[in-house]
Structures are given as C-alpha cells and as structure tokens.
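Chains as they are written, first to last, in the numbering used here: chain E, 1 to 313; chain V, 1 to 295; chain Y, 1 to 265.
Since the hints were made in silico from the structure, they are not lab data.
Here a beta-carbon is modelled for each residue, glycine too, at the ideal position from N, C-alpha and C.
It cannot be assumed that every hint is accurate.
To be verified - Computed list of lysine-lysine pairs in BS3-like fashion (alpha-carbon distance at most 27 Å, straight line):
no. : chain 1 : residue 1 : chain 2 : residue 2
1   : Y       : K158      : V       : K92
2   : Y       : K158      : E       : K310
3   : Y       : K172      : Y       : K158
Unchecked claim - Ranges between beta-carbon positions, derived for each pair:
no. : chain 1 : residue 1 : chain 2 : residue 2 : range
4   : Y       : G182      : E       : W80       : 57 to 63 Å
5   : E       : I25       : V       : Q215      : 42 to 48 Å
6   : Y       : G65       : E       : V291      : 56 to 62 Å
7   : V       : M184      : Y       : D57       : 53 to 59 Å
Listed here are the chains, written in short residue letters.
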Amino acid sequence: MKLAAALVAALLFAALPLLTTSNYIMGVGVSALIFTVAAAALNLIYGYTGLLSFAQLGFWGIGGYATALTVVTFGGTFWWGLVWAALINAAVALVVGYPTLRTNRHAFVIVTLTFALLATLIARDWVDLTRGALGIPNLPPPVAFGYEFGTTGRFYWIAWGFSVAMLTFLYALCTSRIGRTLVAIKQNEPLVRAQGISPMPYKLASFALSAAITGAAGGVYSFHLGIIDPLFLDFYYMQTFLIIVIIGGAGSFWGVVVSGIALSALPEVLRFSADFRMIIYGLILVVAMFVMPSGVAGWLRERRLARLRKTLR
Amino acid sequence: MTVDAVYLLQLTLNGITLGLLYALIAVGLSLIFGVMEIINFAHGELLMLGAFAMAFALPVMGLLYWPAMAVAILATMLAGLAIYEVLLAPLKPDEFERSILITLGLSIIIIHAMQYIFTATPRLVDTQYGFEGIEIGSIRITWTRVIGAGAALVAFGGLYAVLRYTQFGRAMRAIAQNREAALMVGIRPRVVARNAVVLAAGLCGLAGAAISPIQLVTPYMGQFLIFKAFALVIIGGLGNIPGAIVAAVALGLVENWIGGFFEIVWQEAAVFVIMIAVVFLRPDGLFKRGGMRVG
Amino acid sequence: MSAVLEVTGLRKAYAGVHALDGVSFAVEAGSITGLIGPNGSGKSTAIDCISGFQRLDSGKVVLAGADITGRVAHHIARAGLMRTFQTVRVYERLSLSDNLAIAHQQFDAATWVDEFLRTRRYRKAVEASEARARRLVELIGLQRYYEAEVGILSYGQKKLVALAAALMPHPKVVVLDEPVAGVNPSRIREIEEALRQLNQAGETFLIVEHNVEFITNLCHQVVVLDQGLKLAEGTAAEIHSDSRVLEAYLGTTPEIAEAEMRTSA
C-alpha cells in the first residue's frame, strides 16, 4: 500500500515539468526533493541509530564545495563531483566518528555541532580553496551525453532521479536487517552487545552513509543554485532538515519523506522576511519539541498502540 | 621567521585574557550539564544579550564600566531565569537531545529577533577607559582586557566559594555527583537546577559585558564563541569545572599563538583538531570526570 | 558430564574493595546451576565479568574449552554465552518477532549481500530463525503477541521475552540475572516450569537469584557467594543444611534462618 502510494507520488513528481512551465514552481520542486533526501539521511543517523548529528550541515557544505571545486577548479564533470562529494564526506565521517562514537552520545552531539560550525568558518576563511565570502559563482550546468541540463525544467530531472535513487536506497537499508539492528542499538545498546552484535561498525556505517548522501545532496543543490558561497552553510539548512525530521517523526521513514515534501514549501511561504522566517522556524522547533516530540508519525503510532492495548486487555 | 620575544609575549597576554573569557562561558555550560545533564545551546545568546545590555547601559551610565556591567549581569540572570522556568524546567534528566533542540530553537529566535530589532551592523562599545592601556616596553594591553580578565578571575573565585561553602553550592555538587542520593536527603532538584542556570547565565552576562569593549558587538557574536565553548567542555571533560577553565585558558593561548604566525583558518581549525585528538586519546576528556569537582 | 563453563580464580576490585576475591566454580553441560548470595556478595559482578560487561582483574573463564577471559561482550556472546539482565532489557519498540530475530541474526551465515540478493542462504537463515522463534514463543505462552510491540507487555512477560531471546541462537550456556525478581508470584511458577522444560530439552543454565525457593526447586548444583568469596557449593539439599551458608545468608542461628529461607521468596 505504502509502496504503491510512493510509486504514484514519484511518478506525479516526475510529471511536474510537463504540468507547469513555471521555473519558480519547478525550483521549489527541486528544493523539496533535495531537502527530503538530506532529511532522510539525517533520519538514518538520528531517527534510526539515535545519534543526533549536527555534522549534516558540514557534510552538506563540504558536498556542495567538493562538487563545485571538482568542476571549476579541477576540470572534472558534475557527476564525478557528486562521487567525490560522497567519498570525501564518508571519509570525514569515519575520521570524526570513530573517536567520538567511542565516548558517549552527549559528546557525539557536541562534537558534530562543533564540526558544523568549523565547516562554516573554513568555507569563509580558507580563501585559497573556497574563494572566501565571494564564493564560486556561475557553476556550469551539468551535461550528460551531450545533453545540457541548462534550465530549471531540465535540472529538475536530475533532482528527481537523484532523490528517487537515494530514497529507494535508504528505504531498502532501513527496512533490512541492518536498519532493524540500528533501531535495536538506539533502543538498548547493552542488549545488542549481549546478542553478539558489535554496535560500532553499525554506528560508523550509518554515520558515513548519512554523510555521503547528505554530501551528494549538497552537490546537486549547489548546481541548482548555480553559485556556492559560505551562505551555503547557513544554519538555516540544518534547521530545515531538523524540522522536517522532527515534525515527520524521527525513526519513521515515510513520516520524514512526507513531511520533507510538505514542509519544503514552507521557506517559500515565509519568504517575505529572512529574519521572520528564522524566528518562525525557531518557534516551530520549540513548540514541536513540547507538543509532539516524536512527530506526526509518532503521534499516529501512539494512537495505534492505545487501540491495540484496549483490544488486548 | 625569527620569533620575536616581545611579539610572542604580547600574543601570550592576549591569549590569557581571551582564554579567561572563554572559560566564563564554558564553566556555565559545564555547571548546567553537571546538574541537569543537558546542554544549553542558547548559552552563546545569553552572552550576546549581556554584551548588548552593556552596550546600551554604558551611554546611560555615562560610560561608567562597573555599573553597566552590573546591569548586564542582572539582565542575563533574569533571561536565564526565564529560560529555565519556561523551557528547561519541564525536561527530565535523560532528555539530552530534546534539551539541545529546544534551546537551539530558542537561540535562533533570539539571534534573529535581535537582528531584526537592532540590525546586524556591528557596534563598537566605548567605556570610561576608552582604548587606554598599560604599556610595558613595547608590550601594550588595554585596560578593558586587563579588567575583563581580572573580573573573570574574581568570578571564578566567587564560584569556588559558592560551590564550596554555601548551602546551595553544596546541593549542586551533591546532585551532580549522585542524583538519587541527593534526592533522598531532601535536595529539591528544581531549585538547584534553577540556581545553576541563573548562576551560569550570570557568568555569561559577565563574559558578554567584559568582551563587548574588546570585540565588535553583533547578534552573531555568541555563535562563534559558543562553538569554542562546546569544544572546551568536551576537552575539559563534560561537567568538570576546573577542567573547563584550564582548557579554556590553554585554548586562548594556543589560538593566539597560531593566529600570530599562521593564517586565520588554522586558528579556527585548532580547537577542533585538539578536541578530536583529546577525544581520541582520552575519551572522557583531558581531566577525568567524576561528578562536579571544585578542586 | 563435563563442564561447559569453567571459572577459575575470578578477582575484581573497585577502589581497593574486593568485589570478587578469587571465585572458582563450574557449570556442567545440561545442568541448571544456581549462584546465590546476600546483597553485595559479588554475584552480579561475577556474571558481568564472565559475560564481558566488566573487565576482570585476574582469573580465567573457559567456555566449552575456549578461553574467553577478558574478551568483549559481543565476542563472548558469539562464542556461545548468552545472558539476560537484572532490570529487564528488551527492544520496547520492536515487535516480539523482531526482538527474537535480532538475537539470532549474528549467528547465521547470511550476510547483508545475501539479504540484498535474497539468496538461498538468506532464506534458509530466516526460516531457521523463524522456526526457533515460533517454538520459543509457544513455550513462553505469548503466541498472540507474536507481531505486537514488546512495549505493551507486562514486566513479567518482558522477562520471558528476554529469556526467549537469550535462547534463540542455541547458546552453549544461558546466564539469567535474577529471572524472577519483580515478577508476579503467580508467574514465577510458569517461568520455573519453562526453564525445567528447556533444560530437559538440553539447555544449560546459570541462574543468579535472590529467591531461594526458586533456586532450590530448580537447580542441580548451587554455588553460594559471600563477600566476594565462594562460601559453599553442592546440591540444593547440601546447601540447605550448611550452617555457614545459613549464617552468612541471614546472619542468625541456623534454625531461624532455615525457617526464614523456607518462607522467603
């Protein structure tokens, strides 16, 4: 049922460029697809494995810069840029993750947060590499087999293909034994160890995969914008991913996908003032954490469980 | 490059003063973590509020440093009290992730509200001391730095005394060391947690007030400082107050030395590299954690 | 009979206090062995050290001929020693079937590649796991909750789930940490009966318990610890008549202590 609905939704999204010629609407569509992938990657590490990672913002930025630099500085293609974005991020995640995951989940949160802020500063201050605050403008449109994805309508197909591929992969992962083990680690780590499973490889793998996917998503998004500068690492993006995951329900694959698509329109609605937009984002986060900390999916689940309890007693 | 001794000494002095101000922020974070096992993400914003309070109080007070600082500390303590009562009091001790997400939301609200009201234009804060300073040979250090560092030292002395000799300081340490036992002997965790948050906020207000004549005051100033304070709390050992102070002063020094000779990007990367190295070599921080120690 | 688990000279100290001061005992294959002792006698420390959840200072632990001394918990589990915990540990938000499947997955040959390709090896592994799970669930009488989330079960039922999970991979020995503590008395009989049946089917148990009556009814061999030392070892009857045990256990004269042991539980 859910899979059928997902298939229909994916096809509907594929048809968007046929339904509208508005670059604005297709641009919102691109954002919705990419943000949903980044949020789903955050859901993997936070919702499934139970590790709140703020490093996603850093991975998003590193991915964007890696892709842009591959094309502009090193003369590679956009597609290789995405591969590099994923690989570099996975490597960084392993280097940062291994020592940090040996400590405790509190330290993990703080270290990843520091990492995200560091990435922002490096984007601004490592001028030789990133060109500093000016950024890298005029990113050339991707080309495949002589076909140039030069317009928003054409670029939309890249975003669509990318997000369908990534979400399919994440879905397969989360519903596999690996995904089940991640949930088990989140819920009761000593029990996992007592059952012969070493948690570390699972945590590291989910952190590295989440980093790689976020990085590639950042790469696609930077070419959608056509420019990359330190604003690409604005905390606004992290905030957006977090809100999508929390409202959708951390640990619920479909909850996060649906909320990703639905909430990506939010920044557009709130476009009238950047400051107001951020204030409203902050309010949403605070209120959501009080009213429904486990999101819409969590709320639905609680109701289902309550009914089950009634019928069993 | 020949190392110029005077230049190095100048960097060292600047490093120590900056490190002491970092320590004020990190100590507050550690204090709150020790008592509540949560992280206050909006801690940097308290500092920013303190700096803004100083910036507004100074002209009203005729540029007098100390009364304006008192206003700043009072203002942040009130803000800390409000934050505790509204947002933190309902949290349970194991809700670490929730605490960080709530205070993250709060931090973003405060930053952007301040930016909306006062714009992002950096403010230069002038005090009765202006830019005068002490000069010893060719080393020069401004009064505002000296006084800021002195105020931080006095604050640490005061904090030590409070934790060591007062009833509510002992209660804080008791909760940090053994929550269950503390509850059993009748310590009320809500009161202790509130005191800890208000105290930490006061330290932050002091830091903000002391830093405002040294750095430009902007709505974003807290974000850059809190990033270092988080790293310091990890390096010093979560919940370890002397550890945080030592780590902070050491970082101030290392940063200034690196900043004096290398590009700024290395200065900023230093804290992160040190933190990862410490976590790698000593997962519990440089100084072992064992409840909240006061020396 | 031969020993499946041999513990020799186990020592563990915390800040100079000896929690275990050279404890040795053995668990025979196919037996139910009880480990009893007053609070603070070192029972919990002993099984934490044996199962790799705490580092031991010195001593030797041998499982079915293999030295597992000082190895990490998940290695020891893979070597065939499964344990439960004093405060019940289950995956509250996973279904009963998933709870049991996770306990089995580390012990079959199927890798994630097998799962991705749905190979024969994967299908066989899942079938074997499922069959074992169904059998155990029937034994603990929770069939109707098979697909339900474990979080909705009662405390006693969760203890049964933890027991079933520990049995999933056909371990060489199962260590139960207070299996009936905090369990409704009417349910204790059920647990006792389930354990006896499992033992007759060939499972080996090492049980740490406070409930002396439970241990006496069930165990072939009982080891008594007191203040980090082994005080006595023998059959339940032998232990019952051992005056040192009675004195250490309750600190009173044998007559009163014996009476109290009968009525406690």
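Against the structure, the hints:
Among the hinted pairs, Y/K158 with V/K92 is consistent with the structure: their alpha-carbon atoms are about 25 Å apart, no more than 27 Å. Among the hinted pairs, Y/K158 with E/K310 is consistent with the structure: their alpha-carbon atoms are about 19 Å apart, no more than 27 Å. A distance of roughly 23 Å separates the Cα atoms of Y/K172 and Y/K158; the hinted pair therefore holds under the 27 Å criterion. The hint said 57 to 63 Å for the Cβ distance between Y/G182 and E/W80, and at roughly 60 Å that hint holds.
One distance hint, 42 to 48 Å for the beta-carbon pair E/I25 and V/Q215, holds here, with the actual separation near 44 Å. Taking 56 to 62 Å as the suggested C-beta distance range, the pair Y/G65 and E/V291 conforms, at roughly 58 Å. The supplied range of 53 to 59 Å is broken by V/M184 and Y/D57, whose beta-carbon atoms lie about 31 Å from each other.
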